[in-house]
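For the record, the sequence lines run as chains A and B.
Offset between the first sequence (1-based) and this note's numbering: plus 1.
Offset between the second sequence (1-based) and this note's numbering: plus 501.
Bear in mind the hints are in silico, worked out from the structure with no lab data behind them.
The beta-carbon is built from N, C-alpha and C at its ideal position, and this holds for glycine as well.
Any given hint could turn out to be false.
[Said to hold, decoys possible] One-sided and incomplete, this derived list gives chain B residues near chain A with beta-carbon spacing under 7 Å:
id, residue
1, Thr532
2, Ile533
3, Gln549
4, Gly576
5, Cys578
6, Leu628
7, Val686
8, Ala687
[As the list claims (entries may be wrong)] Calculated pairs, PhoX-like style, for lysine-lysine (alpha carbon to alpha carbon, straight line, at most 25 Å):
id, chain 1, residue 1, chain 2, residue 2
9, B, Lys599, B, Lys637
10, B, Lys547, A, Lys58
11, B, Lys659, B, Lys637
12, B, Lys659, B, Lys547
13, B, Lys637, B, Lys547
14, B, Lys659, A, Lys58
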Amino acid sequence: MIGRIKLAGLIAALLVIFLPSFTLAQDVNFGVSPAEVRINDLPPGEAAEFVLTIHNKDDVAHVFTFTASEPPEEETREGRARLPDDSWISFSSQEIELAAGSEANVTVTVAIPQEQKGAGQDWETWLGVTAESSDLLGVKLYVRLLVSTVGTRSNIGLVAGIAVAIVLLGYGGYYYFKRKAKPKYH
Amino acid sequence: MKAVITSIAVAIILALIFSLPALAQESGTITITMTGANEISISLDKTQWPLGNVASNTEHETSPPIEWCTLTIEGNCNVNTFIVGDDAEWVSDPGAYKWTLSSDGTNGEHIYGLWFRISGDTTRGPLGDGYVPVTKTESEFWPYSGGSGSSLAPGDTKQFGLRLLTPTYFVSGRQMQTQITISAVAA
Numbered sequence: 002m003i004g005r006i007k008l009a010g011l012i013a014a015l016l017v018i019f020l021p022s023f024t025l026a027q028d029v030n031f032g033v034s035p036a037e038v039r040i041n042d043l044p045p046g047e048a049a050e051f052v053l054t055i056h057n058k059d060d061v062a063h064v065f066t067f068t069a070s071e072p073p074e075e076e077t078r079e080g081r082a083r084l085p086d087d088s089w090i091s092f093s094s095q096e097i098e099l100a101a102g103s104e105a106n107v108t109v110t111v112a113i114p115q116e117q118k119g120a121g122q123d124w125e126t127w128l129g130v131t132a133e134s135s136d137l138l139g140v141k142l143y144v145r146l147l148v149s150t151v152g153t154r155s156n157i158g159l160v161a162g163i164a165v166a167i168v169l170l171g172y173g174g175y176y177y178f179k180r181k182a183k184p185k186y187h
Numbered sequence: 502m503k504a505v506i507t508s509i510a511v512a513i514i515l516a517l518i519f520s521l522p523a524l525a526q527e528s529g530t531i532t533i534t535m536t537g538a539n540e541i542s543i544s545l546d547k548t549q550w551p552l553g554n555v556a557s558n559t560e561h562e563t564s565p566p567i568e569w570c571t572l573t574i575e576g577n578c579n580v581n582t583f584i585v586g587d588d589a590e591w592v593s594d595p596g597a598y599k600w601t602l603s604s605d606g607t608n609g610e611h612i613y614g615l616w617f618r619i620s621g622d623t624t625r626g627p628l629g630d631g632y633v634p635v636t637k638t639e640s641e642f643w644p645y646s647g648g649s650g651s652s653l654a655p656g657d658t659k660q661f662g663l664r665l666l667t668p669t670y671f672v673s674g675r676q677m678q679t680q681i682t683i684s685a686v687a688a
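Build out the structure end to end from the sequences listed, making use of the hints.
Structure representation (structure tokens):
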């Protein structure tokens with residue numbers, strides 16, 4: 002009798018152990034434009050702004066969140082390196098709530114620090130827009146952001162070149178005029 | 502003395518004549534180009550998979566197994582798509598208990614496996630049966646390295662299904678929840 006009670010207890014225990022429910026919370030549809038943004042000639046130390054438009058095509062409201070994230074190296078455009086620091090990207094809002102069928106704009110600011118290593122670079126980063134959801138499947142759309150900075154790195158060389166040119170031309174001119182000023186003896 | 506001053510003045514003027522265009526180039530206008538009016542957009546026709554109670558170390562497949570959900574390219578640009586999973590957390594107290602998502606589709610104690618299979622893919626994945634593990638690292642959904650497929654164009658669809666491998670042991674009676682994210686970027 003005691004053995005039967007123990008067996009029944011064990012079976013009950015096993016049933017309880019293996020009874021968690023795997024709740025995986027219907028359709029999702031939204032769009033972001035533009036799909037790709039290219040910023041050229043951005044000098045280090047300056048910032049550029051542009052606008053992303055998010056269109057909630059669903060029949061329910063969604064909260065959308067924004068992040069900048071490093072793209073997989075093999076997915077970047079040819080000749081592009083990954084942006085060194087995602088904190089150079091900021092959004093006017095970290096999240097927005099959009100009613101069904103509506104759209105809204107978010108301003109994105111790209112601010113490159115005043116560093117020599119930031120000059121003459123071609124970078125790429127991805128701006129992720131996610132529809133927050135507790136469902137099993139979620140959707141995230143990435144906007145490609147391609148940033149090219151101007152080559153201010155060559156300024157030091159340019160200034161040095163100007164200085165050298167002034168010295169050389171100065172010497173040349175000095176000797177030219179000196180020679181020209183010398184009386185000629187025949 | 503006059504020669505020295507004249508020489509320096511001429512030298513500075515000449516140096517500036519040749520360097521000013523270069524300096525002016527450094528302070529050019531910033532140009533921002535939005536690639537057309539392109540919109541990136543995808544949709545999924547199903548986002549829930551209510552499994553109910555599950556036992557340990559068991560496999561569960563969506564129904565139908567590989568045509569359960571349809572991904573549709575809604576925007577007006579071609580896209581590459583990716584997939585990433587996450588740990589499953591206890592709904593009542595997410596920080597207190599979780600099932601860790603396996604990095605290779607296998608299971609263990611409190612470790613679960615997740616797989617996806619795209620309709621038409623019969624040889625993809627480590628077992629060559631079309632099923633590919635979903636991990637916590639964003640990886641290719643479609644197209645994929647070594648495959649013959651190309652980027653998805655507006656109007657294209659891909660049907661896929663999921664497979665869950667429950668942990669070999671887990672704490673019972675707890676409702677678990679996870680999320681799989683399908684992402685897209687302009688090709």
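Now the hints, each set against the structure:
1. Thr532: holds (4 Å)
2. Ile533: holds (5 Å)
3. Gln549: Gln549 of chain B check passes; min Cβ-Cβ to chain A is 5 Å, inside 7 Å.
4. Gly576: holds (6 Å)
5. Cys578: holds (5 Å)
6. Leu628: violated (23 Å)
7. Val686: holds (4 Å)
8. Ala687: holds (4 Å)
9. B:Lys599 with B:Lys637: holds (14 Å)
10. B:Lys547 with A:Lys58: OK: Lys547 of chain B and Lys58 of chain A at ~15 Å, within 25 Å.
11. B:Lys659 with B:Lys637: holds (22 Å)
12. B:Lys659 with B:Lys547: Distance of about 13 Å is within 25 Å: holds.
13. B:Lys637 with B:Lys547: holds (21 Å)
14. B:Lys659 with A:Lys58: This hinted pair holds, its Cα atoms lying about 20 Å apart.
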